[in-house]
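Same order as they appear, the protein sequences are chains A and B.
Here my numbering is used: the first residue of the first sequence is 414, the next is one more, and so on.
Here my numbering is used: the first residue of the second sequence is 40, the next is one more, and so on.
The hints are simulated quantities; they were obtained by calculation from the structure and are not laboratory data.
Beta carbons: idealized from backbone N, C-alpha and C, even for Gly.
Check each hint, because a few of them may be wrong.
A few chain A residues that face chain B, going by a derived Cβ cut-off under 8 Å, partial list only [what the hints assert, rightly or not]:
{"#": "1", "residue": "T470"}
{"#": "2", "residue": "F471"}
{"#": "3", "residue": "Y472"}
{"#": "4", "residue": "V473"}
{"#": "5", "residue": "E503"}
{"#": "6", "residue": "N504"}
{"#": "7", "residue": "G505"}
{"#": "8", "residue": "L506"}
{"#": "9", "residue": "P544"}
{"#": "10", "residue": "G550"}
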Amino acid sequence: MSRRIGVAALVGAFVPQASGVVFAEHDHGMAMSENHHEDSSELSAGVSVETARFTNTFYVGSYQGIMPSLGWMRGRFGASATIGLYHLDENGLSTYGLGDAMIAGHATVLAAETLQAGVALHVMAPTGSEPDGLGMGHVMAMPSAWAAWSARPLMIRASAGYGRAVTALGGGHHDHGPLPLVDPMNLQELTWSAGADLEIGHRVQLGGRALGGIPIGTGRTRMIGGGRVAWGTPRVSTAFELQLGVAGDPFTIRGVVETALHF
Amino acid sequence: MRLVMISFVLAACTNSGPPPVATRTVCPDPDPNTLTWDNFGQKFMADYCTWCHASTLPHAERNGAPLYHDFDTLRGVTQVADHIDQYAGSGPAAHNTAMPPSQCPSVPGGPLDRDCPTPSDAERTNLSMWLACDVIPPP
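Assemble the whole structure, with the sequences as input and the hints as a guide.
Here it is, written out as structure tokens:
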């Protein structure tokens, strides 16, 4: 069981866009489950709330978002979906709107006692307004591979992937800095992440991670670092993560609180 | 194949509006020199743009206009002329109406309290022609 939920944790945590706390949190909470069966399906429903400030070459402002999510797992396979609703303040303009919706599928290809590995595919739909800084303006496809090593109380994980807009590249887009403002990406990039979590008892985990993107062609190298604390039971999990934009101006600081129910 | 189909379905849900497209306006040869900053560009920018795109406005008063996109001087226009063409110009390859937006301030830097005045199609065509002839350096 903990293996399967570990997959959800990894897949979510390595999404280049998402804050990913809730997915990592799944790992913590569900690892404690003792009544789950490998051949049964598992559903989860979560919500994430985040607030951030950003300062880049062209924009100064802040945003707040709320992101409901749904997840499903069965055996080696799983899927999830999420979408954000934002309030964005950019250079004095206040707007509300949807962000880009994301769906993901993942599969575990290696499941040893301490080592797990798999592949995932995230697809983002351009439901967010590109001119308003809420969306990429294109469908994005992001295949990735991940691996994790765990020996309680420690778990270490890493991933690498590729993200690409499903559109013609190099279309003469004017450089407006990191976009979308709520979670910038390059039109084509390599993605990476690495992190570790440590169980400290009383169902509490402490962890840290870094993730980023390296543009292929024009774009900006992006890096985010974060530290988090998580608490969970077999049915409920909650986490808080504080993130810093280390490179590429994704934001200056962002706080994320997430909670999820598992069925 | 399924991925491609999913992508198309998701693309149909887009909320992005028309993308910015270069109009590919070409200045006639010889250059007619009929449109200049003094007789066209400055008035166009004052009528439709500098309510938000002005170098005098700090970031909090720009109503979303990006920093360094200031059209109260010819120098400011020159720095992002291709961008202006992609968002407000009209020509052989595109008729762009993303700018001005729907709501504008009554005074520069003020709240968005009125409908924006919008350029006519002829003005948008002239904008792209002026940029092509007088602002954007020839390739």
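Would you list, in rising numerical order, the hints stated earlier that this structure does not obey?
none
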